[in-house]
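A.B. asks: Spelled out from the first residue to the last, the chains are:
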Amino acid sequence: MTKKIYDAIVVGAGHNGLTAASYMAKAGLDVLVLEKNDYIGGAAVSRELFPGWKYSNCSYVCSLLRPEIMRDLELYKYGLQIIPYEGSATMMKNGDYYAHYHDHDMTVKSISRHSKHDAEAYDRYSRDVMRQCKIIKPLLKMTPPDLTSFKPKDILGALDFAKHFAAKDELGGLGEKEIYDTIRFYTMSIADYLDEYFETDITKAHLAGSAIIGTALGPCSPGSAYVLLHHYMGEVDGSIGSWGYARGGMGSITKAMGECLKSHGGIIQASSEVTNVIVKNGRAVGVATLNGDEFYAKKVVSNLDVKRTFLKITDESDLRPDFVERVKNFKIRGSSGKLNIALEGLPTFPSIPKDDPGGNGDLHFTETIEEMEGAYDDWKRGQWSKMPYVDMCLPSKSDPTMAAPGKHFMSVFIQYVPFELANGGWNEQRKQDFGNHIINRIAEYSPDFKDLIAHYEVRTPKDIHDEVGLTEGNIFQGELTMDQLMFNRPITGYAQYRAPIKDLYMCSSSTHPGGGVMGAPGANAAREILSDMNIKQKGNHY
Amino acid sequence: MTTKYDVIIVGGGHNALICANVLAKKNKKVLICEARETCGGLLTNDLTNFTPSFSNKVKSEIDNISVDHSSVSTIALSETGHHLKLTGNISEDKKTLEQLAPEDVDRYFKLQKKLSLFSKTLGAFMHSSPPRVLHKSFSDYFKLFKLGLNVRLMGKNSFNEFARMIGLNIADELEDNFKNTLLQGLISHDAITGSNLGPRSPGSLINLLFRMANHGNSLFGGIQQVKGGVNAVIKSLEENIIKRGVEIKTSSSVKRCIIENDQVKGIELDDGTLIHANTVISSADPKSTYLCLLGAEHLDTDFKRRIKHYRAKGRVSKLQLVLSKVPQFTNLESKDLSQRLVIAPSIDYIEENFNYSKFENLSPEPILELSVPSVEDESLCHNGNHVMNVQIQYAPFNVKGGWENKKAECINNVLITLEKYAPEIRSCILEQEFVSPNDIEKNFNVSGGHWHHGEIQIDQLFMLRPIPGAAQYKTPVTGLYMCGAGTHPGGGMTGIPGKNAAHEVLKNI
Chain A
360 MTKKIYDAIV
370 VGAGHNGLTA
380 ASYMAKAGLD
390 VLVLEKNDYI
400 GGAAVSRELF
410 PGWKYSNCSY
420 VCSLLRPEIM
430 RDLELYKYGL
440 QIIPYEGSAT
450 MMKNGDYYAH
460 YHDHDMTVKS
470 ISRHSKHDAE
480 AYDRYSRDVM
490 RQCKIIKPLL
500 KMTPPDLTSF
510 KPKDILGALD
520 FAKHFAAKDE
530 LGGLGEKEIY
540 DTIRFYTMSI
550 ADYLDEYFET
560 DITKAHLAGS
570 AIIGTALGPC
580 SPGSAYVLLH
590 HYMGEVDGSI
600 GSWGYARGGM
610 GSITKAMGEC
620 LKSHGGIIQA
630 SSEVTNVIVK
640 NGRAVGVATL
650 NGDEFYAKKV
660 VSNLDVKRTF
670 LKITDESDLR
680 PDFVERVKNF
690 KIRGSSGKLN
700 IALEGLPTFP
710 SIPKDDPGGN
720 GDLHFTETIE
730 EMEGAYDDWK
740 RGQWSKMPYV
750 DMCLPSKSDP
760 TMAAPGKHFM
770 SVFIQYVPFE
780 LANGGWNEQR
790 KQDFGNHIIN
800 RIAEYSPDFK
810 DLIAHYEVRT
820 PKDIHDEVGL
830 TEGNIFQGEL
840 TMDQLMFNRP
850 ITGYAQYRAP
860 IKDLYMCSSS
870 THPGGGVMGA
880 PGANAAREIL
890 SDMNIKQKGN
900 HY
Chain B
775 MTTKYDVIIV
785 GGGHNALICA
795 NVLAKKNKKV
805 LICEARETCG
815 GLLTNDLTNF
825 TPSFSNKVKS
835 EIDNISVDHS
845 SVSTIALSET
855 GHHLKLTGNI
865 SEDKKTLEQL
875 APEDVDRYFK
885 LQKKLSLFSK
895 TLGAFMHSSP
905 PRVLHKSFSD
915 YFKLFKLGLN
925 VRLMGKNSFN
935 EFARMIGLNI
945 ADELEDNFKN
955 TLLQGLISHD
965 AITGSNLGPR
975 SPGSLINLLF
985 RMANHGNSLF
995 GGIQQVKGGV
1005 NAVIKSLEEN
1015 IIKRGVEIKT
1025 SSSVKRCIIE
1035 NDQVKGIELD
1045 DGTLIHANTV
1055 ISSADPKSTY
1065 LCLLGAEHLD
1075 TDFKRRIKHY
1085 RAKGRVSKLQ
1095 LVLSKVPQFT
1105 NLESKDLSQR
1115 LVIAPSIDYI
1125 EENFNYSKFE
1135 NLSPEPILEL
1145 SVPSVEDESL
1155 CHNGNHVMNV
1165 QIQYAPFNVK
1175 GGWENKKAEC
1185 INNVLITLEK
1195 YAPEIRSCIL
1205 EQEFVSPNDI
1215 EKNFNVSGGH
1225 WHHGEIQIDQ
1235 LFMLRPIPGA
1245 AQYKTPVTGL
1255 YMCGAGTHPG
1265 GGMTGIPGKN
1275 AAHEVLKNI
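Protein chains in written order, with this note's numbering: chain A, 360 to 901; chain B, 775 to 1283.
Be careful, since some hints might not be right.
Claimed, not checked - These stretches of chain B come out as covered by chain A in the derived footprint (C-beta under 8 Å, 3 or more residues): (1) 1079-1092; (2) 1124-1138.
As the list claims (entries may be wrong) - Using C-beta positions, here's what the derived DEER-type ranges look like: (3) A:S485 x B:L1065: 51 to 57 Å; (4) B:E1139 x A:D825: 35 to 41 Å; (5) B:T854 x A:D554: 39 to 45 Å; (6) A:D792 x B:E1139: 26 to 32 Å; (7) A:H523 x B:E1139: 44 to 50 Å; (8) A:A781 x B:N1179: 30 to 36 Å; (9) B:L1065 x A:M451: 33 to 39 Å; (10) A:Q791 x B:L1065: 51 to 57 Å; (11) A:D482 x B:E1021: 48 to 54 Å; (12) B:E1021 x A:D554: 49 to 55 Å.
Keep in mind that the hints were calculated from the coordinates and are not lab data. Note that the Cβ used here is the ideal one computed from N, Cα and C, for glycine as well.
Starting from the given sequences, assemble the full structure and let the hints guide the process.
C.D. replies: In structure tokens:
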């Protein structure tokens, strides 16, 4: 009996794995995706974890999903609908609130309630950050150049990459000042960057949140300004920097991807944990699963993070020791926690006026950079933040499919929470204590909140690590710092989706351009794999 | 008034003196105006114990400095008395580490080798003016290309490591490589000294590389003690340039630069004296230069905003103790006390200190670098008594409560910390003098009291220092230049800014 040889096997049905698989299937390849859980989606999932409520219990909002990928994989055809949300607000202890809106002018008016100076500076700030978004957009779908190679293809690639950093000034010409600004933006802390525009604490604190989500950096750490960019560079409906809810929760994204894959002949097999890559004569030829099955393919593509790929499912003896050491030193520290809450009704947040659209988006209560940095300092000591930064939202307000009428699902994302709690680690009691700590904090801004709680789920980085397969609970599958970005991601010299073992590839968020529900790593990897197989992709926008 | 001088240099710090030397060797008539009674600026026995030796490239451009110097080792103090002494000499250090940190010996020398290669490469960038991007000048493009090529020629693996390490924080690199916490603490200390970065801050590794580049590409070598202290270096520099006809006016504070038709015409002293020259070089820090010497009215709004945001808040305070006798340090001999002693027992200790300082708070357990130089050098005694100089890291410029109110608490924290290593220190103290960053700002005319004239962080280095587009020693005003630590390659007592600025000036006069 001849063993079936697939064209490609993808390990892990997270959104990047599904994206890579879909592009390959679309190009005519015979693709098999193996997933360890009994559900697909990785961290882009929404499941009914409590009867009557759907929880997007990991990722919760969408912005970064590349529009070209959505078009190429026809995700709208398979039911994906993204509802842009209208604003964001920070609730203040004094009963006031600070809000930003989808509409630029509304935002300026809102800021001027707090500070005329900052309202004026906001124009300049928006312009400068948008310029950075425009610069980085094309870089997301490029394979990072190999700067050490003198091959013409690589030198041209490097020049191409560099060319995109030669920002255009207002008149369309190449701007020297804009290049310096870009360098500064990539190397500064968000606190210092915001200091150059704004005066008031609340403005800075509200904006700085995007720079710390998912990171092991504080707002005062150099490099945090880049993380802000990482969160701003997405778009919804062509509007750069905006965010939205996926109707039906984040799982509808991966569900649509799964449907697309199947429509092109791809196969997804769940409850099939891959235990190792089968390597013969220095080539990856297939994988083995937990229950002893073996599957064979011309190409093996890992959607696991770089540590799990090379330290768990690959044998160290198939890799060079210095490469293994680099992988071991890859920084993937988790710093985020989550509370997913089923509510019997809509909680009142008295500081936000009832019909203000700012209340329909993400909600926060950190008012100063100092408090935010203090939250980071607690994490460095191995503790959860006494004064955490939260990113809360109620997707059910705009998406009726998440809960029954009148009832609501609330997602609370928390910075900072350590993977390993000091003095003994996580246990059930401590998880409870942490959960209560957050609930009490929220209750300070909403008098009826606690009474409305029907059920809640507490997730620490350890839970994310165990269930979702995100090592140490780092949501980006690797920190977004300069030493681990672009041509340094995941390992300098191995940033082009190819592993050191022939026919083994990486398509996960551990590769460029990094984490967030983007799909770009998967699409880039598929392009490289198909190129290696001399197969041309047709009819794609990506 | 006739133009007697080709160049006037504002400020008489070491960069100014070196700049003057290079210009004088080319027969330029130079005048230095220094506000204080003596030259030297921040390079004074009152603030600094040790210096690196000037590099060969600098030495070859100035006259011979005749000082008596000896190398100094660094001793990281441990509360248990197992102090770690590193000298920069490979075989000595190997023996020491084999005793105190046997698991880390090989990795230490591997890391030293790697960092040394990188600091050497960075060091090569230090001796010329940074290129301007897109300035359409062929020499700038060529410079950029050459820079890239030098880095690439380190070899593929080294290049990859270099690319990785530029933005890295020193804590991660050390925790990945070493087990010994004292060793980690000591190296982290050298990475953050004088800065506003913690060991876990991205960019702290670059700081260490700069320091190494200034110390002969060694981690703990290249640090020297001069007989008579650093004042002797200044004295020698002064004597040399006076011999060449350079005029030095001390106690002559410069009020402003005279500008006519966007061109420099000279300077005006505080007492109203006008002195004419077509070239003025400021060795003052960037903020003082642009906002005081030049004046905001000569700058466009954007430039003004950028210079206002140039980060230069000093974070080093100084405590000088006059002692009745040489204090007894646990497990240290008297002669060890003249070396460079560091109290920074671990990465976490340093990071905690950094946490306090971020929001202008004092730390109860400060990081200290100290020495009793008079043990080796009697000339440094104070009325026959020994003197201990202590540098305190992360002592914030705008300390909450103000320095007037916090001084006593800070000194007490220092003494409590010292007592852990020298239990009877308090009983030896005859006099004490505390210098905060505010005091340094006031007494030395340096904005923020920052001893590097501005943060050494990637976005304020190289072609971005002090302001992108004005990072080549020239200012937007014709005839006005800068030559202090606020220009490339920054601080560190190297004299390189002074030398580079002189070259830039010589191109134009």
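A.B. asks: All hints are to be evaluated individually against the structure, with a verdict given for each.
C.D. replies: Hints, verified against the model:
1. For the stretch 1079-1092 of chain B, the stated coverage by chain A holds: 3 residues have a C-beta nearer than 8 Å to a C-beta of that chain, and at least 3 were required.
2. Using a Cβ-Cβ cut-off of 8 Å, 4 residues of the stretch 1124-1138 of chain B lie near chain A, which meets the minimum of three, so the contact claim holds.
3. Against the hinted window of 51 to 57 Å, the Cβ-Cβ separation of S485 (chain A) and L1065 (chain B) comes to about 28 Å, which falls outside the hint.
4. In this structure the hint that E1139 (chain B) and D825 (chain A) lie 35 to 41 Å apart at CB holds, the actual value being about 37 Å.
5. Checking the proposed 39 to 45 Å range against T854 (chain B) and D554 (chain A) shows it holds: the Cβ atoms sit about 43 Å from each other.
6. Between D792 (chain A) and E1139 (chain B) the CB atoms are about 29 Å apart, so this pair conforms to the stated range of 26 to 32 Å.
7. For the pair H523 (chain A) and E1139 (chain B), the supplied restraint of 44 to 50 Å holds, since their beta-carbon distance comes to about 47 Å.
8. Between A781 (chain A) and N1179 (chain B), the C-beta spacing of about 34 Å keeps the proposed range 30 to 36 Å intact.
9. The beta-carbon spacing between L1065 (chain B) and M451 (chain A), approximately 35 Å, falls within the hinted interval of 33 to 39 Å.
10. Judged by the Cβ atoms, the range 51 to 57 Å given for Q791 (chain A) and L1065 (chain B) holds: they are separated by roughly 56 Å.
11. Range check, D482 (chain A) to E1021 (chain B): about 52 Å between beta-carbon atoms, so the 48 to 54 Å window is met.
12. The given range of 49 to 55 Å is broken by E1021 (chain B) and D554 (chain A), whose C-beta atoms sit roughly 42 Å from each other.
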